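My request is simple: use the sequences and hints to build the entire structure.
In case it helps, the working numbering puts the sequence shown at residues 1 to 308.
No lab work stands behind these hints, which were simulated from the structure alone.
On a predicted model such as this, the values are computed, not experimentally measured, just so you know.
Simulated crosslink set (DSS-like; lysine-lysine; CA at most 25 angstroms straight-line):
{"id": "1", "residue 1": "Lys180", "residue 2": "Lys117"}
{"id": "2", "residue 1": "Lys210", "residue 2": "Lys225"}
{"id": "3", "residue 1": "Lys153", "residue 2": "Lys180"}
{"id": "4", "residue 1": "Lys299", "residue 2": "Lys212"}
{"id": "5", "residue 1": "Lys117", "residue 2": "Lys135"}
{"id": "6", "residue 1": "Lys263", "residue 2": "Lys220"}
{"id": "7", "residue 1": "Lys248", "residue 2": "Lys225"}
{"id": "8", "residue 1": "Lys67", "residue 2": "Lys212"}
{"id": "9", "residue 1": "Lys299", "residue 2": "Lys225"}
Across the chosen pairs, the derived CB separations fall in these ranges:
{"id": "10", "residue 1": "Gln245", "residue 2": "Ala266", "range": "16 to 24 angstroms"}
{"id": "11", "residue 1": "Gly230", "residue 2": "Ser274", "range": "16 to 24 angstroms"}
{"id": "12", "residue 1": "Gln107", "residue 2": "Ala183", "range": "18 to 26 angstroms"}
{"id": "13", "residue 1": "Asp72", "residue 2": "Phe273", "range": "48 to 56 angstroms"}
{"id": "14", "residue 1": "Asp167", "residue 2": "Gly134", "range": "19 to 27 angstroms"}
{"id": "15", "residue 1": "Gln245", "residue 2": "Asp72", "range": "53 to 61 angstroms"}
Cβ atoms here follow ideal geometry from the backbone N, Cα and C, with glycine treated the same way.
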Amino acid sequence: MRDLQNTTMTLARLENVSKRYGNVTALNGLNLSVNAGEILALLGPNGAGKTTAVSLLLNLIEADSGKVSLFDQDPQALPARQRIGVMLQSAELPETLRVSELIQLTQSYYPYPRDLKELAEMAAITDLLQRPYGKLSGGQQRRVQFAMAICAKVDILFLDEPTVGLDIEAREAMWVSLRKLVAEGCSIVLTTHYLEEAENLCRNLAIIDKGKIIEQGPMKTLLAKLDVEGFLLDIEGVLPANLPQIDKVSIHATDDHTLDIEKPRAMDLNHIFSQLNQAGIQVRSMRNKVNRLEELFVKLTGDATKAA
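Have a look at this one:
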């Protein structure tokens, strides 16, 4: 693994890439870049082209036109492939092999394998090492697949829906390990339908729709484009039956003690608090709504049914 502290360095790139499957256009002149030291969330509705874009960088398929590069090399070049780790949505692995054997086999392809004990702790599989892969539950198998993806010190980690099938505790443990990897200098390309996962982990995102990148950049910059912002207000006592009407503000109760507020970004919150006070409603605490990325996703793709 090279020193990749310069986060302006581009490690992987798709330049004006197109890909068709019969009469279906999966990618249409798509441009995408992955920089050093970032977790890039690749988001989009089903069929948008996310898997095709990742598959091109992994050399699983070839582009019809455009340029695909991995560390400024052809993605099929062995030196480039030895610098990436991969966890796909599904994997068919030998069920009779023990977990430790699967990991050691995968590590044999890399010049810089991780210590097995450290790896097992990062993937939370220490208690699974001596068990046959085929005897594991679905969630346990996903953790083993994650361990195989991070079994060596690589420069880019490609994760395709990595937390599907994991419980909340296992998901959060994986998030901790991903942050550790980024701190080491590893870049991560993450596709996920869990928008809160992308918002929790990623500073940068790219949104694909109909085979094109419709937005790419820092998440904070893209979220700032939203015209409205939302808050949840915890109220003292019980809310009245009739809530106040505030011009340009959406206000409704989620339960007897909580208000869901959406206001224009430029509007001063003190104006809303003043109107609530006049209606006898006292605000005890306030928190941001956690679905900001979902709002952005719906706005850009134009269809709420596409949001996960």
